[in-house]
Amino acid sequence: MFLKELKTQLDSYTDMNMSSNAMPLLRLKLKALILDTIYNISIIDELIEEKVRNKEDWSWQKRLRFYVNNKGIVVCRMVDAEFEYSYEYQGIAAKLVHTPLTDKCYLTLTQGMHMGMGGNPYGPAGTGKTESVKALGSLFGRQVLVFNCDEGIDVKSMSRIFVGLAKCGAWGCFDEFNRLEESVLSALSVQIQIIQTALKVKTREIELDGKKVEIDFNAGIFITMNPAGKKYGGRQKLPDNLKQLFRPVAMTSPDNDLIAEVLLFSEGYKHSKELGRKVVAIFCLARELLSQQQHYDWGLRALKTVLQSCGEQLQAAKHNSTSKGEMDISFENELVVQALRTNTLSKLTYADCHRFDSLVHDLFPDTKFKGIDYEKLAQAAKEVMTQMKLVQSENQIKKVLELQE
5 MFLKELKTQL DSYTDMNMSS NAMPLLRLKL KALILDTIYN ISIIDELIEE
55 KVRNKEDWSW QKRLRFYVNN KGIVVCRMVD AEFEYSYEYQ GIAAKLVHTP
105 LTDKCYLTLT QGMHMGMGGN PYGPAGTGKT ESVKALGSLF GRQVLVFNCD
155 EGIDVKSMSR IFVGLAKCGA WGCFDEFNRL EESVLSALSV QIQIIQTALK
205 VKTREIELDG KKVEIDFNAG IFITMNPAGK KYGGRQKLPD NLKQLFRPVA
255 MTSPDNDLIA EVLLFSEGYK HSKELGRKVV AIFCLARELL SQQQHYDWGL
305 RALKTVLQSC GEQLQAAKHN STSKGEMDIS FENELVVQAL RTNTLSKLTY
355 ADCHRFDSLV HDLFPDTKFK GIDYEKLAQA AKEVMTQMKL VQSENQIKKV
405 LELQE
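In my numbering, each residue carries its 1-based index in the sequence shown increased by 4.
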């Protein structure tokens with residue numbers, strides 16, 4: 005049975021990860037294989053659960069699928085949309101964790117392109133808007149170029165970018181597009197419409213910025229936006245003539261539990277489900293219970309940083325360990341707690357440090373707090389402070405060690 009083969013394959017990948025002291029590039033490949041296999045297993049599970057027996061069934065049609073057509077060309081299909089694969093290999097990038105939200109985003113973007121429109125993922129910061137566009141482009145073999153928009157960009161600059169995208173067949177993802185001036189947004193709508201119309205009706209030559217431009221049909225234009233409001237200053241509402249050129253998709257709340265579980269599993273943690281939920285719970289509680297500071301970030305970006313640190317701690321522990329036995333839950337708890345405190349405490353106020361430690365203790369009650377041993381570094385810092393005739397302060401030494409972390 006194919007599902008059984010996939011699960012056996014996943015076990016072999018994770019065992020390889022447990023015993024591997026390989027180069028970082030090889031570990032990145034292995035993590036990508038683990039994430040892809042987990043996603044494939046989830047798809048097979050859903051197809052079995054819904055008793056899908058026909059390739060025309062919606063549960064199968066809504067998935068991104070790859071075929072080789074009669075001409076030997078690889079094509080990507082999703083529902084009734086079809087795109088040629090374009091073989092723009094961009095190297096090995098960190099893989100995106102597939103969740104129901106990313107599936108919804110892919111479906112909306114592909115259907116938008118099929119209708120000759122662009123894509124517009126919108127929502128709060130750190131919900132995976134740009135990463136989803138980049139991941140979809142990678143699956144299609146497209147080069148994806150990300151441009152950060154601000155008030156300083158004028159129509160002329162954007163026109164040159166559009167010409168380049170149209171000629172080389174790349175995707176342009178314009179981050180925070182609604183930070184552009186309203187007059188610029190209105191002027192750009194005409195140029196975007198020219199490109200999209202050409203892509204839809206397959207017109208090979210268009211006129212942009214007063215020049216004749218030969219268009220590559222693999223080109224695409226996407227925009228991401230944060231909501232216009234008090235929390236995100238300097239954002240404009242899109243003019244109606246620009247709105248209708250893009251298919252919107254709401255990216256509001258990513259499935260942090262699933263993301264944490266899958267990332268920890270790909271890093272080699274055997275108890276990833278329980279640990280992932282605890283880490284996400286700590287972030288949610290910290291957002292609610294700690295003081296509101298401008299530099300605090302309890303979103304997906306900060307969460308992924310902690311999870312990546314968990315993986316680094318596990319690899320270091322396996323490298324230094326003399327026993328080849330399997331790491332138990334208590335040991336994994338210690339590593340996760342250490343990663344949480346290392347990546348978070350240095351950013352918190354003095355009062356919030358104690359509150360955060362209390363939260364960690366509540367969710368990991370039997371786990372001892374251990375810091376990383378920086379005895380040699382601490383001694384070196386003290387010697388330098390003595391040479392510089394500075395008064396030695398424990399807090400200052402602590403901050404030096406935090407910089408190292």
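It cannot be assumed that every hint is accurate.
Derived lysine to any residue pairs resembling SDA-like cross-links, with alpha carbons at most 25 Å apart [stated by the list, open to error]:
{"#": "1", "residue 1": "Lys59", "residue 2": "Thr112"}
{"#": "2", "residue 1": "Lys206", "residue 2": "Arg251"}
{"#": "3", "residue 1": "Lys277", "residue 2": "Cys80"}
{"#": "4", "residue 1": "Lys171", "residue 2": "His118"}
{"#": "5", "residue 1": "Lys351", "residue 2": "Leu405"}
{"#": "6", "residue 1": "Lys402", "residue 2": "Ala355"}
{"#": "7", "residue 1": "Lys206", "residue 2": "Val148"}
{"#": "8", "residue 1": "Lys33", "residue 2": "Ile47"}
{"#": "9", "residue 1": "Lys282", "residue 2": "Ala321"}
{"#": "10", "residue 1": "Lys380", "residue 2": "Lys393"}
{"#": "11", "residue 1": "Lys322", "residue 2": "Phe335"}
{"#": "12", "residue 1": "Lys241", "residue 2": "Ser193"}
{"#": "13", "residue 1": "Lys380", "residue 2": "Gln396"}
{"#": "14", "residue 1": "Lys108", "residue 2": "Lys75"}
{"#": "15", "residue 1": "Lys206", "residue 2": "Gln248"}
{"#": "16", "residue 1": "Lys171", "residue 2": "Cys80"}
{"#": "17", "residue 1": "Lys216", "residue 2": "Gln197"}
{"#": "18", "residue 1": "Lys204", "residue 2": "Ser257"}
{"#": "19", "residue 1": "Lys322", "residue 2": "Arg31"}
{"#": "20", "residue 1": "Lys75", "residue 2": "Gly173"}
{"#": "21", "residue 1": "Lys372", "residue 2": "Thr390"}
Between beta-carbon pairs, the in silico distance windows are [as the list claims (entries may be wrong)]:
{"#": "22", "residue 1": "Asn73", "residue 2": "Ile52", "range": "25 to 33 Å"}
{"#": "23", "residue 1": "Gly76", "residue 2": "Ile333", "range": "48 to 56 Å"}
{"#": "24", "residue 1": "Arg69", "residue 2": "Pro231", "range": "32 to 40 Å"}
{"#": "25", "residue 1": "Ile52", "residue 2": "Ser295", "range": "47 to 55 Å"}
{"#": "26", "residue 1": "Asp370", "residue 2": "Tyr71", "range": "46 to 54 Å"}
{"#": "27", "residue 1": "Met20", "residue 2": "Lys66", "range": "29 to 37 Å"}
{"#": "28", "residue 1": "Val72", "residue 2": "Leu7", "range": "22 to 30 Å"}
It is worth saying that the hints were derived from the structure and are not from the lab.
No residue lacks a Cβ here, since even glycine has one placed at the ideal position from N, Cα and C.
Verification of the supplied hints:
no.	hint	verdict
1	Lys59 <-> Thr112	holds, 20 Å
2	Lys206 <-> Arg251	holds, 20 Å
3	Lys277 <-> Cys80	violated, 32 Å
4	Lys171 <-> His118	holds, 20 Å
5	Lys351 <-> Leu405	holds, 13 Å
6	Lys402 <-> Ala355	holds, 16 Å
7	Lys206 <-> Val148	holds, 21 Å
8	Lys33 <-> Ile47	holds, 21 Å
9	Lys282 <-> Ala321	holds, 21 Å
10	Lys380 <-> Lys393	holds, 20 Å
11	Lys322 <-> Phe335	holds, 11 Å
12	Lys241 <-> Ser193	holds, 14 Å
13	Lys380 <-> Gln396	holds, 16 Å
14	Lys108 <-> Lys75	violated, 31 Å
15	Lys206 <-> Gln248	holds, 20 Å
16	Lys171 <-> Cys80	holds, 22 Å
17	Lys216 <-> Gln197	holds, 16 Å
18	Lys204 <-> Ser257	violated, 32 Å
19	Lys322 <-> Arg31	holds, 14 Å
20	Lys75 <-> Gly173	holds, 21 Å
21	Lys372 <-> Thr390	violated, 33 Å
22	Asn73 <-> Ile52: 25 to 33 Å	holds, 28 Å
23	Gly76 <-> Ile333: 48 to 56 Å	holds, 51 Å
24	Arg69 <-> Pro231: 32 to 40 Å	holds, 33 Å
25	Ile52 <-> Ser295: 47 to 55 Å	holds, 48 Å
26	Asp370 <-> Tyr71: 46 to 54 Å	holds, 52 Å
27	Met20 <-> Lys66: 29 to 37 Å	holds, 32 Å
28	Val72 <-> Leu7: 22 to 30 Å	holds, 24 Å
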